[in-house]
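What follows is each chain in one-letter form.
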Amino acid sequence: MGKMIELENLSKSFGELEVLKSISVSLEEGNVLSIIGPSGSGKSTMLRIITQLEKADDGTLTIDGSTLFESIDGKARYVDLVEQRNILLKTGLVFQQFNLFPHFSVLRNITEAQMAVLKRPREEAEEIAMSLLKKMDLADRARSYPFQLSGGQKQRVSIARALALNPKVLFFDEPTSALDPELTREILKVIRELAEEKMTMVVVTHEMNFAKATSDYAIFMDGGVIVEEGEPNELFGNPKMERTKKFIRSFSE
Amino acid sequence: MSGLLVQMLEGTVTSLKVFFLTLLFSLPLGFVVAKGKMTRVTIIRWITDLYIQIMRGTPLILQLIFVYFAPFYVFGVSYDRFTACIIAFVLNYSAYFAEIYRSGLQAIDQGQYEAAKVLGFTKAYTFFHIVLPQVIKNIFPSLGNEVINLVKDTALAQTIGVAELFRVAQTSASRQFSTFPIFVAGIFYFIMNYIVSRAFAIGEKKMNYYR
Ligand SMILES: Nc1ncnc2c1ncn2[C@@H]1O[C@H](COP(=O)(O)OP(=O)(O)OP(=O)(O)O)[C@@H](O)[C@H]1O
Ligand SMILES: [Mg+2]
Numbered sequence: 001m002g003k004m005i006e007l008e009n010l011s012k013s014f015g016e017l018e019v020l021k022s023i024s025v026s027l028e029e030g031n032v033l034s035i036i037g038p039s040g041s042g043k044s045t046m047l048r049i050i051t052q053l054e055k056a057d058d059g060t061l062t063i064d065g066s067t068l069f070e071s072i073d074g075k076a077r078y079v080d081l082v083e084q085r086n087i088l089l090k091t092g093l094v095f096q097q098f099n100l101f102p103h104f105s106v107l108r109n110i111t112e113a114q115m116a117v118l119k120r121p122r123e124e125a126e127e128i129a130m131s132l133l134k135k136m137d138l139a140d141r142a143r144s145y146p147f148q149l150s151g152g153q154k155q156r157v158s159i160a161r162a163l164a165l166n167p168k169v170l171f172f173d174e175p176t177s178a179l180d181p182e183l184t185r186e187i188l189k190v191i192r193e194l195a196e197e198k199m200t201m202v203v204v205t206h207e208m209n210f211a212k213a214t215s216d217y218a219i220f221m222d223g224g225v226i227v228e229e230g231e232p233n234e235l236f237g238n239p240k241m242e243r244t245k246k247f248i249r250s251f252s253e
Numbered sequence: 001m002s003g004l005l006v007q008m009l010e011g012t013v014t015s016l017k018v019f020f021l022t023l024l025f026s027l028p029l030g031f032v033v034a035k036g037k038m039t040r041v042t043i044i045r046w047i048t049d050l051y052i053q054i055m056r057g058t059p060l061i062l063q064l065i066f067v068y069f070a071p072f073y074v075f076g077v078s079y080d081r082f083t084a085c086i087i088a089f090v091l092n093y094s095a096y097f098a099e100i101y102r103s104g105l106q107a108i109d110q111g112q113y114e115a116a117k118v119l120g121f122t123k124a125y126t127f128f129h130i131v132l133p134q135v136i137k138n139i140f141p142s143l144g145n146e147v148i149n150l151v152k153d154t155a156l157a158q159t160i161g162v163a164e165l166f167r168v169a170q171t172s173a174s175r176q177f178s179t180f181p182i183f184v185a186g187i188f189y190f191i192m193n194y195i196v197s198r199a200f201a202i203g204e205k206k207m208n209y210y211r
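Heads up: the sequence lines are chains L and D, in that order. Residue numbering for the first sequence follows the working numbering, beginning at 1 and increasing consecutively. Residue numbering for the second sequence follows the working numbering, beginning at 1 and increasing consecutively.
Do not rely on the hints blindly, as some may be mistaken.
Said to hold, decoys possible - In silico contact screen, one side only, chain D against chain L (beta carbon under 10 Å); selected entries: (1) Leu5; (2) Gln7; (3) Ala115; (4) Val118; (5) Lys137; (6) Pro141; (7) Ala199; (8) Glu204; (9) Lys205; (10) Met207; (11) Tyr209; (12) Tyr210.
Keep in mind that the hints were calculated from the coordinates and are not lab data. The beta carbon of each residue, even a glycine, is placed where N, CA and C say it ideally should be.
If we strip away everything but chain L, and leave its shape as in the complex, we get (with noise of 0.2 Å):
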């Protein structure tokens, strides 16, 4: 088992308002991390960067073994335009507020990108779009369009998208943030079983109780530093700075 995320020296600002300070984080394959922080704290920008939404300013990034940037004299240089899409087709990321395509079924929303993106033939990609389904329990709602689902079934909908494309490592930006309890347990419910078939996860997220039970490592980020990290179980269960305890305790109230 490799090193699936190595992040070192991560800056960012925009404009003057400096996002990130120099984060460095590592991630085996197979493994889950979570990263909990205040509002504001840099987070979703972090997995943006990853994910290739937004650009870094400095610091170095390698994904499953293929850098996509490296800090050169103090700034970020990335690869060229053939080797970031090669890498951004390494990741997956899942968003707070699904972003499913409205006009496409439930279908298409899973089977376009494998067939423009991966050149997949529309059997193929319709077969592993349906078993995706099925394993999100939304087989029934294939021709289904994304108005006529339920926050949670649109969320699953959103991961199955993400996944049917085979990336290495998933990212998950508050999945469950618009959803009421009930649906959150859905969501949590399959990222849980993600992690039990050791697929490559960062959630970012506030379900403390989740990321403690489902994570192998986890983060606590505040004003665009990591403030304190490790362990699940010593991260909520027993912090160290002031910082990290006030926001656990925030959460658990």
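Please arrange chain D with the ligands on chain L, whose structure you already have, making use of the hints.
Quick look at chain D with the ligands alone, frame taken from chain L:
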């Protein structure tokens, strides 16, 4: 009587030509203008904005006259009235369509672009398969209104002497001291717009399968 009908038919054909040629050029051109207004390049944005302001802020009738006569007064060259008429209509309608496209594009959730990017779709694929279908659905009603306006606006082509339907009707009405030709022209505009609004209603219904 049959002479009148033939003349009115010819006028109708001219009106339809103005209508379809304007759509043919201004529908795509409006898109270019919309993109110009949304670009980060300040000078291009500034110029497109001025262009849109002028087109929407002055009467089409004035624009027709300007497009037809300006080259004559400035360069001493004159050209075909019909061509001038199409140019003026296209310039005018591109500006209106641009504003409609722009509002449609801006209504697309940023999350759609982000999901498409993360899934590996190219920019072109994202635009044509993810964004454009949703934009078309969003703007369809306003587009329909504008096309109905265009049907009626074709009557303005007579300003620079293009023998479209309304001009033919007016001429023969005054020759025959009868409002009958005007009435016939009215029926044409009505039927034409009935077809246009039905077509848009059908299109809207077709796109109603999602929200
Ligand atoms: N595109 C942007 N332009 C300017 N500022 C941004 C941009 N994206 C994020 N920020 C700012 O960067 C900071 C970190 O944002 P980020 O979304 O990474 O935080 P977060 O930890 O995910 O917070 P939350 O829990 O609210 O999702 C915030 O102050 C935010 O306002
Ligand atoms: Mg966030």
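Taking the hints in turn, this is what the structure says about them:
1. Leu5: violated (47 Å)
2. Gln7: Not OK, violated: D/Gln7 not within 10 Å of chain L, min 47 Å.
3. Ala115: This hint holds: D/Ala115 lies near chain L, its Cβ roughly 4 Å from the closest one there, short of 10 Å.
4. Val118: holds (5 Å)
5. Lys137: holds (7 Å)
6. Pro141: Violated, because the Cβ-Cβ distance from D/Pro141 to chain L comes to roughly 17 Å (cut-off 10 Å).
7. Ala199: violated (20 Å)
8. Glu204: violated (14 Å)
9. Lys205: violated (15 Å)
10. Met207: Interface hint status for D/Met207: holds (8 Å vs cutoff 10 Å).
11. Tyr209: holds (7 Å)
12. Tyr210: holds (5 Å)
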